[in-house]
Amino acid sequence: MNDLRNGVAIARERMRGPSAPLVLGLSCVALFAVGVLESQSDAVSAPDDALVGAVFGIALPLLAYLVSERACDGTRLDRSVDCLARYGTNRRAALCGVLLVSALSSAFAGALLTVSALLGAHAPRSPTLLTDLRASVGIALVAGVVYALYFGASSLLGKRGGGRKWALIIDFVLGAGSSALAAPWPRGHLRNLLGGQPVIELSQASAWLALALIGVACATWSVARTVE
Amino acid sequence: MSDAQGNTRTAELRFQALHHAGLANINASFSAGTHVVVGSEADGTATLIELAAGMTKPSAGSVLLDGVAPWSHARARRRIASLYATETPLPARDVASALSLALRALGEARSALSVLDHAGLAHFAAKRVSKLTPREARALALAFALSQPAPALLALHEPLSVVGIVQEDFVLQRLAERSAAGAIVLCSASRLEDAARLGGSAGALSRGVWLDPASARPPIASVALRVHTAEPRRLAARLSEAPDISGVEWAGGHELIVRGSELERVAHSLVANARAEAIRITAIKPDAPSLEALAAARAGLAQAYYERARSADTDPKRPA
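Residue numbers (our numbering), protein chains in the order written: chain A, 1 to 228; chain B, 1001 to 1320.
To be clear, the hints were calculated from the coordinates, so they are not data collected in a lab.
Take the hints with a grain of salt, since some may be wrong.
Looking from chain A toward chain B, a few residues come up when the C-beta cut is under 7 Å (computed) [to be verified]:
#	residue
1	E13
2	R14
3	P18
4	S41
5	L66
6	G88
7	T89
8	V227
Each pair of labels, with its calculated beta carbon distance range [unchecked claim]:
#	chain 1	residue 1	chain 2	residue 2	range
9	B	A1126	A	A180	56 to 64 Å
10	B	A1126	A	S206	49 to 57 Å
11	A	W166	B	H1123	45 to 53 Å
12	B	A1180	A	A212	56 to 64 Å
13	A	S19	B	S1062	38 to 46 Å
14	B	A1126	A	P124	43 to 51 Å
15	B	N1027	A	S206	56 to 64 Å
16	A	Q197	B	A1109	51 to 59 Å
17	A	M1	B	R1128	26 to 34 Å
18	A	A135	B	L1113	48 to 56 Å
19	B	H1228	A	R225	36 to 44 Å
20	A	A135	B	R1128	42 to 50 Å
21	B	R1207	A	V227	52 to 60 Å
Beta carbons are placed, not taken as given, at the ideal position from N, Cα and C, and that holds for glycine.
Build the full structure now, drawing on both the sequences and the hints.
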C-alpha cells in the first residue's frame, strides 16, 4: 500500500506545473468554439457532431496521451518508477499508483472537455442539455480511464515508450472503422456509446463491456510485464 | 550485517557470466569490505554500478546479492545504497520533500533534515529540485546513500568526485564504518588517487573487460608503444640509452615505436626520459601483441600506479 502511495506521489508531482491546466483550459475553449460553430451549422446534430468528432475523436485521446506521457516522465511505464524502485519499492505497486493518477487526470480532463463542447453546442436554455451532460460525462469518465490504461500498457513496447505513440496512431486509424479490426481499440466502442456506428454490430451494453475488457487487459498486461 | 536472530551474516555480490552493453563476460564476486573498480565511464564502470544496484536488467548472465537478483526483487534493492553516474532526484518541489519521499519508500521514519544535517548539506533542504546542478544531485544522492543505516551493499559510482560539496572525511569515514559493519562497498574510480584514498582491494575495468587484482601483472614477452611527439629524433636518441627500452623505431614523421619487455617499465622509462629532456608527448598508443595481453598489461600498469599512489598516500614522511 505504501508503494502504491509513493507511485501516486511521484505521478502527482509530475503532473504539477502551469502547462497542464493551460493546455486543458485552451482545449476547453477550443471545444466550446467548435460546439458553437456546429450549432450554427446544424443545431439538432451539433452536440453529437462535436462529441463524436472533436471531443472523443481527437481531443480526449490526445489529452490522455499527453497525460500518460507526463505521468510517466516521457518514458516507459515500468521505467518511470525506477526512481522509487532503487529504494526497494515494488515496481508493480508503484506503477499502479502512476496509472491511477493518469487515469483520474484523463477522466477529469475528458469530463471537462465534454462539458465545454456540450455547452457550446446546445442553446443556453436547451431542455436536453442536462440529460446530454449526464450521459456524455459518464462516457467521458470511462473513456479517460480506459485511454490512460491503454497508453500506459502500450508504453511498455519500445525502449523509451515509443509504443504509446503507435497506440495513438493505431487507435486513430483502425479504431475509426467498424470491422473486427476496430474491436481491440477504445475509439470504436466509444463512438458506439455516443450513438455512432457500432463495431461489429455490438450493442451499447457490449460496448461498455468491451471498454471494461480493454481497460482490465491493459492494466493486467502492464503489471504482468513489469518485474517486482 | 545481522539477521533476525542476531547472527552475523556476510553479504556477497556476484557477477556471473555478465554481458551488458560494453561489459563482456564478467565473472567476479565481492564479499564484505571495500572494493574499488578502477576505470572510466567509457570502460563500463557506470553500467557495472547500475547493474549491481539492480537498476538495469543484464542482457545476459546474472547479478546476485546473497543469491537474489536485485533487478527483480524489491527486498534485495532495499538493502542497497547507490550512487549513479547521473542522478535524477525524485520528483518533488524541494530537496527535503524529495528525500522525505525516498525515506518513505525505504520505510524509514527519519526526517530528511537529519539526513542532510549529518552530511553538512542542510542548506540544500529548501532548494528546488529543478534548480540542482548534476553534481549537487549526485552529492545529495551520496549523502542519502551514506545515511542508510544497514545496507548490505553500497554501489557507488565515483563517490569522491563530489568532494567539495560533501566533505571527503565524512565520505571516507562513513564508507569505512559500513565496510567494518560487514557491508560490501563497491566503488568505481577513474582517478588512481581516488582509488588509493578509497582503499580496499582494487580491480579494473578496461573497455568492458574485468581485470581482477590476481591478473594484474601478466608476463608479456615484448610490448610496443606508439609514441607521438613533436621531437621524435631527440626522444629516440635519449631512449636508445635507456636500460628498460629494448628498441626504438622511427620511420619519419612524428611517431616512434618504443619496445621493451614490460609495459609498465617501458611506459615509466618513456615518461621519465621525455620529462628529463622536456620533450612533450602528445599521444601514447599501445601496439599490442594481442588484445587480452594488452588489457591485462594495462591493468598491471594501473595496479602498479595504484599501489604507488596508495603507498605514497600512507607514507608518513611524505610532505603535505
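For this session: Tell me, in ascending order, the numbers of any earlier hints that this structure violates.
Result: 3, 4, 5, 19, 21
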